[in-house]
Amino acid sequence: MKVEIKRERCKECGLCIYHCPKKAISKSDSLNANGYYPVQIDDALCIGCGVCYTTCPDGVFHVLG
Amino acid sequence: MAEMMKGNEAIAEAAVRAGARFYAGYPITPSSEIMEYLSWRMNEVGGAFVQAESELAGINMVIGASSCGVRALTASSGPGISLKQEGISTLCDEGLPAVVITQVRYGNGLGTLFTSQCDYNRETRGGGQGDYRCIVLCPSSIQEFVDLMLPAYELAEKYRIVTVMMGEGTLGQMMEPVELPDFVEVKRTPWALNGHYTYKKIGIFERDSMAEAVELRAKYAEIKENEQRWQEESIADADYVFVAYGVPGRATLGAVRELRAAGEKVGLIRPITAWPYPDKAFANINPNVKGIITVEENATGQMIDDAALAIKKTHKDRNIPAYALTYVYNTPPINRIKEDYFKVKSGEIKEVY
Amino acid sequence: MANTRERKVPALVDKPMDFCPGCGHGIVSRLIMECLEELEQLDNIIFPIGVGCSSNLGAGLECDRLHCCHGRAGAVATGMKRVNPDTLIVSYQGDGDAYNIGIAETFNAAYRGENITVIVINNTNFGMTGGQMSLTTMEGQKTATSVYGRDCSVTGYPIRFPEMVAREFPNAAYAARGTVTTPANINKLKGYIKNALQAQLNHEGYSVVEVLSPCPINWGLTPVNAMKRIEDELIPYYPIGEFKKREEAK
Chain A
0 MKVEIKRERC KECGLCIYHC PKKAISKSDS LNANGYYPVQ IDDALCIGCG VCYTTCPDGV
60 FHVLG
Chain B
0 MAEMMKGNEA IAEAAVRAGA RFYAGYPITP SSEIMEYLSW RMNEVGGAFV QAESELAGIN
60 MVIGASSCGV RALTASSGPG ISLKQEGIST LCDEGLPAVV ITQVRYGNGL GTLFTSQCDY
120 NRETRGGGQG DYRCIVLCPS SIQEFVDLML PAYELAEKYR IVTVMMGEGT LGQMMEPVEL
180 PDFVEVKRTP WALNGHYTYK KIGIFERDSM AEAVELRAKY AEIKENEQRW QEESIADADY
240 VFVAYGVPGR ATLGAVRELR AAGEKVGLIR PITAWPYPDK AFANINPNVK GIITVEENAT
300 GQMIDDAALA IKKTHKDRNI PAYALTYVYN TPPINRIKED YFKVKSGEIK EVY
Chain C
0 MANTRERKVP ALVDKPMDFC PGCGHGIVSR LIMECLEELE QLDNIIFPIG VGCSSNLGAG
60 LECDRLHCCH GRAGAVATGM KRVNPDTLIV SYQGDGDAYN IGIAETFNAA YRGENITVIV
120 INNTNFGMTG GQMSLTTMEG QKTATSVYGR DCSVTGYPIR FPEMVAREFP NAAYAARGTV
180 TTPANINKLK GYIKNALQAQ LNHEGYSVVE VLSPCPINWG LTPVNAMKRI EDELIPYYPI
240 GEFKKREEAK
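Protein chains in written order, with numbering that gives the first Met the number 0: chain A, 0 to 64; chain B, 0 to 352; chain C, 0 to 249.
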């Protein structure tokens, strides 16, 4: 896994989905405690570039080195 | 050795000796000399001085300095203190100490430049939003003002409250012999912000106002019990007791002594704290007193409310009349006070309560 | 896979914050903390925080901070810096706080050249109170107090503060405007913030970074479209860049 996700932080803003260069991010279909559908990453497509980390306002992503 | 000094300059020097190391304010008659003096003196003692763009900015700069643990000062007059009200409420909310000096001048709005006591209600009740009080000291001479500067800071830090030094134009502008106190050691307060997060604050949305209300009530009750200050003279056997603070307090003391010499049984209570009001002094008044008389430099009578409450609380079995002599502005001359005393005695001047 | 750089949110802001989905505050506050981490100043920082959406930062942050009276952070920061000249003082305000009610304090801190750093989050309205018009609202923009669109002939034209600082105030060390619309812009903004903090650390003078930031809720746009609005409508009027560079950087 290249990127850890904190599901409880995601507010469905969609910025990471829009900016991911590999279109590896999508909305999951299970709610978090705040009532949002948090994002999920397809690890096979992910290249660990960190764009999701950069554009996320809520600290959802931890890109592992 | 006492030297003749102008009030505002002596007060400014006393603040420095009491450990003040930050001043921010704006010029306003009749307090500007405090700022002018500190504009060169603060740097000499390693403090910081800012001539702020407004009174409002000034009090907020004081908030900044006080939050970092420094003894901070601002000085103004009525209209400027009005601009500072939100800041004073904020200082009290954050439990940050500060000293605010007001040299009161008469009038509503822009007002006049005459010396006055027309801000008593605002200073003692607080003109800002919320449920707070400030300790209000009201000296009657330059020496007393100077001597109260260190207690002003010590009280502010002991109770984490704002101390208002309620002077008036006369005290700022006159010259009297003054002995200045020694310098105190300058220290930061233990709850100061220092960049290292030593003192952990809770976020504004986590405040528990119910719990804070309990603490606030206890704090004010403790101050009321322990910090009342006053001067009293010949009240134990008096028929009439004058109540007057500040410079009118001195004039009234003169009137009391002259009346006594002429056989009139009168006395004086001179509050030195306007908040907490010195209720305890009134307990010492002759149980058979015929009335209390406030002497005030304002139009509508402001301290009369606190004085009336005090005499009626301490002498519950009788309903002692409370009179107010209101001279609008300028120090009432002793002869006027004496004339009006006889009018009270004869019934020509009626009681307020 | 082995040569990806670790990217981890600094601990001080690694917590749930109450900003709206897609709000720029979360990005900017993270960038500030990343810069402080890299400059090794995390234990040498005090934030005077403005009133508005900025208040949400004050609620969450666990470091020295003071929630200031609305608009007055410029004055509070002045008091703090004058008595703690070696502590980083970074004010964090919205356009409503800094440029409307606080314009005098904001202006005068820059005018005097206080050695502070001022971060202004410009979302062209008063966000927290429900989207009223601000001094930075664009001509024709509909807000809660300009329901037919802002009429600049009556209310004035949007203010450009970093440019004014660069042009008018000799004591200013650094003035820039950035935005958070793309990864490239976010990285550029981080450079501006770092420059501003370094200007303060080296006692060069006053530094300000304004950030064009989205307000999806009050603009009535999705977060992605709010970023597009910034690119299409705001950047042409509010250019991105450094208007006054630090002396050494020249």
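Quick caveat, the hints were computed from the structure, so don't treat them as lab data. Ideal Cβ positions, reconstructed from N, Cα and C, are used throughout, including at glycine. There may be inaccurate statements among the hints.
[What the hints assert, rightly or not] So the derived list for chain C, only partly shown, Cβ under 8 Å to chain A, looks like this: (1) K7; (2) L11; (3) P15.
[Claimed, not checked] One side only, chain C facing chain B, incomplete, derived with CB under 8 Å: (4) E61; (5) R81; (6) E104.
[As the list claims (entries may be wrong)] Here are the simulated DSS-like cross-link-like pairs (lysine-lysine), alpha carbons at most 27 Å apart as the crow flies: (7) K141/C - K1/A; (8) K21/A - K187/C; (9) K7/C - K21/A; (10) K187/C - K1/A; (11) K7/C - K5/A; (12) K21/A - K227/C; (13) K22/A - K7/C; (14) K187/C - K22/A; (15) K22/A - K227/C; (16) K21/A - K189/C; (17) K5/A - K244/C; (18) K14/C - K5/A; (19) K244/C - K1/A; (20) K315/B - K349/B; (21) K7/C - K26/A; (22) K26/A - K14/C; (23) K244/C - K22/A; (24) K26/A - K227/C; (25) K279/B - K312/B; (26) K200/B - K14/C; (27) K14/C - K244/C; (28) K199/B - K14/C; (29) K7/C - K200/B; (30) K7/C - K199/B; (31) K14/C - K1/A; (32) K349/B - K279/B.
Holds or violated: are the alpha carbons of K22/A and K7/C at most 27 Å from each other? 21 Å, holds
Holds or violated: K26/A and K227/C, Cα atoms, limit 27 Å. 21 Å, holds
Given the hint that K187/C pairs with K1/A, test it: the Cα-Cα distance must not exceed 27 Å. 25 Å, holds
CA of K21/A to CA of K227/C, is that 27 Å or under? Cα-Cα ~21 Å, so holds.
Hey, K279/B versus K312/B, does the alpha-carbon distance stay inside 27 Å? 10 Å, holds
Measuring from the C-beta of R81/C to each C-beta in chain B, is the shortest one below 8 Å? 4 Å, holds
Straight-line alpha-carbon gap K14/C to K5/A, limit 27 Å: OK: K14/C and K5/A at ~10 Å, within 27 Å.
Once the shortest beta carbon distance from K7/C to chain A is found, is it less than 8 Å? 5 Å, holds
Is the hinted pair K26/A and K14/C satisfied, with a Cα-Cα distance of at most 27 Å? Cα-Cα ~21 Å, so holds.
Holds or violated: K21/A with K187/C, Cα cutoff 27 Å? Holds: K21/A and K187/C sit about 22 Å apart, inside 27 Å.
So if I understand the rule, the pair passes when the alpha-carbon distance is 27 Å or less; does K315/B with K349/B pass? Status holds; Cα separation ~21 Å.
27 Å Cα cutoff - pair K7/C, K21/A: 21 Å, holds
Taken one by one, the earlier hints fail for this structure at numbers 2, 7, 17, 19, 23 and 27, listed in ascending order.
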